[in-house]
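Those sequence lines, one after another, are chains A and B.
Read in order, the letters of the first sequence correspond to residues 1 to 136 in the numbering used here.
Read in order, the letters of the second sequence correspond to residues 1001 to 1380 in the numbering used here.
Think of the hints as simulated: they come from the structure by calculation, not from any bench.
Ideal Cβ placement from N, Cα and C applies to all residues, glycine included.
Some hints here could point you the wrong way.
[Said to hold, decoys possible] Using 20 Å as the maximum straight-line C-alpha spacing, the simulated SDA-like pairs for lysine to any residue come out as follows:
#1 B:Lys-1150 x A:Pro-113
#2 B:Lys-1150 x A:Asp-111
#3 B:Lys-1252 x A:Glu-87
#4 B:Lys-1150 x A:Pro-44
#5 B:Lys-1150 x A:Pro-8
#6 B:Lys-1252 x A:Pro-92
#7 A:Lys-34 x A:Arg-59
#8 B:Lys-1150 x A:Asp-106
#9 B:Lys-1252 x A:Pro-44
#10 B:Lys-1150 x A:Val-109
#11 B:Lys-1002 x B:Leu-1096
#12 B:Lys-1252 x A:Arg-3
#13 B:Lys-1252 x A:Tyr-36
#14 B:Lys-1002 x B:Pro-1181
#15 B:Lys-1150 x A:Met-112
#16 B:Lys-1150 x A:Lys-34
#17 A:Lys-34 x B:Lys-1002
#18 B:Lys-1252 x A:Leu-108
#19 B:Lys-1150 x A:Tyr-36
#20 B:Lys-1158 x B:Phe-1223
#21 A:Lys-34 x B:Thr-1225
#22 B:Lys-1150 x A:Leu-110
#23 B:Lys-1252 x B:Glu-1263
#24 B:Lys-1158 x A:Met-112
#25 A:Lys-34 x B:Thr-1239
#26 B:Lys-1252 x A:Thr-104
#27 B:Lys-1158 x B:Ser-1177
#28 A:Lys-34 x A:Leu-108
#29 B:Lys-1150 x A:Ala-107
#30 B:Lys-1150 x A:Cys-46
#31 B:Lys-1150 x A:Thr-104
[Stated by the list, open to error] Short, incomplete list of chain A residues facing chain B, as computed with Cβ under 8 Å:
#32 Pro-6
#33 Arg-20
#34 Ala-55
#35 Arg-59
#36 His-63
#37 Phe-77
#38 Met-94
#39 Asn-97
#40 Ala-107
Here's the letter readout for the chains.
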Amino acid sequence: MPRPLPQPTPETAHFWEGTRVGELRLQRCAACEKVYFPPRPFCPACGHRRVRAFAASGRASLHSYVINHRAMPGAGFEAPYAIAVVELEEGPRMMTNIVECPQTPDALVLDMPLEVVFEPQSDEITLPVFRPTAAS
Amino acid sequence: MKPGSIAIVGAAETTELGRIPDLSALQLHADAALNTLADVGLTPADIDGVATAGESPTNVAWYLGITPTWVDGTTVGGCSFMLHVRHAAAAIAQGLCTTVLITHGESGKSRVGAGRRAFSAASLQGQFEVPYGPMGAATMFTLPMLRYMKDFGLSEEKLANVAVIQREWAAQNPRASFRDPISVEDVLDSRMIAYPFRLLMCCLVTDGGGALILSSTERARDFSTPPVYLLGTGESVETPMVSQMQDLTSSKAFRVSGRKAFEEAGIRPEDVDHLMIYDAFAHLPIYGLEDLGFVGRGEAGDFIWGRNTAPGGRLPVNTNGGGLSYMHSGMYGMYALQESVRQLRGIAPAQVPGVRVSVSHGVGGMFGAAGTIVMSNELP
Ligand SMILES: [Zn+2]
Chain A
1 MPRPLPQPTP ETAHFWEGTR VGELRLQRCA ACEKVYFPPR PFCPACGHRR
51 VRAFAASGRA SLHSYVINHR AMPGAGFEAP YAIAVVELEE GPRMMTNIVE
101 CPQTPDALVL DMPLEVVFEP QSDEITLPVF RPTAAS
Chain B
1001 MKPGSIAIVG AAETTELGRI PDLSALQLHA DAALNTLADV GLTPADIDGV
1051 ATAGESPTNV AWYLGITPTW VDGTTVGGCS FMLHVRHAAA AIAQGLCTTV
1101 LITHGESGKS RVGAGRRAFS AASLQGQFEV PYGPMGAATM FTLPMLRYMK
1151 DFGLSEEKLA NVAVIQREWA AQNPRASFRD PISVEDVLDS RMIAYPFRLL
1201 MCCLVTDGGG ALILSSTERA RDFSTPPVYL LGTGESVETP MVSQMQDLTS
1251 SKAFRVSGRK AFEEAGIRPE DVDHLMIYDA FAHLPIYGLE DLGFVGRGEA
1301 GDFIWGRNTA PGGRLPVNTN GGGLSYMHSG MYGMYALQES VRQLRGIAPA
1351 QVPGVRVSVS HGVGGMFGAA GTIVMSNELP
């Protein structure tokens, strides 16, 4: 069984269209310049409705995580696996998984540099996940 | 609310706690409500306000035969009952009702007549958290803690010690689920659940319930129970997604709620004799002690290590054993309030001598919401 997948709403559709074409889309407020996530058609800092989506750099750092040791059978995950919060270069944070990296405390070092990878899950949904950058 | 003008006049838990396979969730509400009515010497006909979470207030009022003129179904997770106390105090002060019953009942372990909780795939959590594999509170509530541990150099031993100290309190409580002493090593050697959290750093899962009755202090004189006066209350919410906390090392909802309650009560942390901090996991007392201002940032682990919150310490915390050792049905806030009332009435199993001011601080969701109640057995 695959992992549970998101069901986009009109307000988040642009984000999921972005991941399908290899872009991690954030939004920026035209009035106060705030960059924010998750998507919504107004600025959570000032309430302004003029906001614009843009492609983030995809660079991030490992902000925090847990390593789940008891996956429910059939839920699409094999324990142990890390559930992480990454901090994007542009400021917002998001929950994700860390790939191409052992799922151990020794390998998962807080603040290590990461880059986004896009993992297709279905025709509609591609999930952004992160891997250690080549240099690190 | 004018400090001291509203009082908790009745408080009781369900007759049994722990494993109660012969009662549904709704009946646990009723069992706690009937015990609380008996505590005060009232009947359902005397109640004109109902607040609850988990069940709708309609279900609870109708099931108990109550005709309310005020209801509150605020449901923001385990601290909902702190918010109900706050809202009830305002409603009584405003004259919307005179005698409020707040109920909690949850078949957390046996799941008899219990609802299912799941995020819709179109919700924000369903879109931006669930696909990455969080499976319940043990993998979400815990997610901020590594950040805290790195920023403040808190060791796994000091995190484990939170559970050790609370077990010391539970050992004195015949109703606690777990009473055998444990060591830091025992905690660190227990099964890994979600690194860095081991089994003994996670709350237990049990069945149970509790209820409170509130009235004006003036009306409280009609009852034989010793009133527990409300001095100050606070509430707030931050985010439905733990990944979107403003700061993973501090809860904004805790800070806002705590400040409101302490300001209204006109007290400072050093005026508090007894403290309950909702502990679904071992890191919560650490966040609570810091965000409510009892210690500075990054100091709570050492404060607990120094036995300040332990039996005989200068700030007894979670004296029923907490969610880690006493009981945890899912929405634990009610049990924190019950222990504050017992301590202020002088009838707690692990009674702290001379408690005059007690604070109960609850959390809802995964650092999503908070409620704080400052109480006293003396009028201000
Ligand atoms: Zn703005």
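Results of checking the hints against the structure:
no.: 1; hint: B:Lys-1150 x A:Pro-113; in the structure: holds, 16 Å
no.: 2; hint: B:Lys-1150 x A:Asp-111; in the structure: holds, 10 Å
no.: 3; hint: B:Lys-1252 x A:Glu-87; in the structure: holds, 19 Å
no.: 4; hint: B:Lys-1150 x A:Pro-44; in the structure: violated, 29 Å
no.: 5; hint: B:Lys-1150 x A:Pro-8; in the structure: violated, 35 Å
no.: 6; hint: B:Lys-1252 x A:Pro-92; in the structure: holds, 17 Å
no.: 7; hint: A:Lys-34 x A:Arg-59; in the structure: holds, 18 Å
no.: 8; hint: B:Lys-1150 x A:Asp-106; in the structure: holds, 14 Å
no.: 9; hint: B:Lys-1252 x A:Pro-44; in the structure: holds, 16 Å
no.: 10; hint: B:Lys-1150 x A:Val-109; in the structure: holds, 10 Å
no.: 11; hint: B:Lys-1002 x B:Leu-1096; in the structure: holds, 16 Å
no.: 12; hint: B:Lys-1252 x A:Arg-3; in the structure: violated, 32 Å
no.: 13; hint: B:Lys-1252 x A:Tyr-36; in the structure: holds, 18 Å
no.: 14; hint: B:Lys-1002 x B:Pro-1181; in the structure: violated, 43 Å
no.: 15; hint: B:Lys-1150 x A:Met-112; in the structure: holds, 13 Å
no.: 16; hint: B:Lys-1150 x A:Lys-34; in the structure: violated, 28 Å
no.: 17; hint: A:Lys-34 x B:Lys-1002; in the structure: violated, 40 Å
no.: 18; hint: B:Lys-1252 x A:Leu-108; in the structure: violated, 27 Å
no.: 19; hint: B:Lys-1150 x A:Tyr-36; in the structure: violated, 25 Å
no.: 20; hint: B:Lys-1158 x B:Phe-1223; in the structure: violated, 45 Å
no.: 21; hint: A:Lys-34 x B:Thr-1225; in the structure: violated, 54 Å
no.: 22; hint: B:Lys-1150 x A:Leu-110; in the structure: holds, 8 Å
no.: 23; hint: B:Lys-1252 x B:Glu-1263; in the structure: holds, 16 Å
no.: 24; hint: B:Lys-1158 x A:Met-112; in the structure: violated, 25 Å
no.: 25; hint: A:Lys-34 x B:Thr-1239; in the structure: holds, 18 Å
no.: 26; hint: B:Lys-1252 x A:Thr-104; in the structure: violated, 30 Å
no.: 27; hint: B:Lys-1158 x B:Ser-1177; in the structure: violated, 23 Å
no.: 28; hint: A:Lys-34 x A:Leu-108; in the structure: violated, 30 Å
no.: 29; hint: B:Lys-1150 x A:Ala-107; in the structure: holds, 15 Å
no.: 30; hint: B:Lys-1150 x A:Cys-46; in the structure: violated, 32 Å
no.: 31; hint: B:Lys-1150 x A:Thr-104; in the structure: holds, 16 Å
no.: 32; hint: Pro-6; in the structure: holds, 4 Å
no.: 33; hint: Arg-20; in the structure: violated, 14 Å
no.: 34; hint: Ala-55; in the structure: violated, 18 Å
no.: 35; hint: Arg-59; in the structure: violated, 18 Å
no.: 36; hint: His-63; in the structure: holds, 6 Å
no.: 37; hint: Phe-77; in the structure: holds, 4 Å
no.: 38; hint: Met-94; in the structure: holds, 6 Å
no.: 39; hint: Asn-97; in the structure: holds, 5 Å
no.: 40; hint: Ala-107; in the structure: violated, 12 Å
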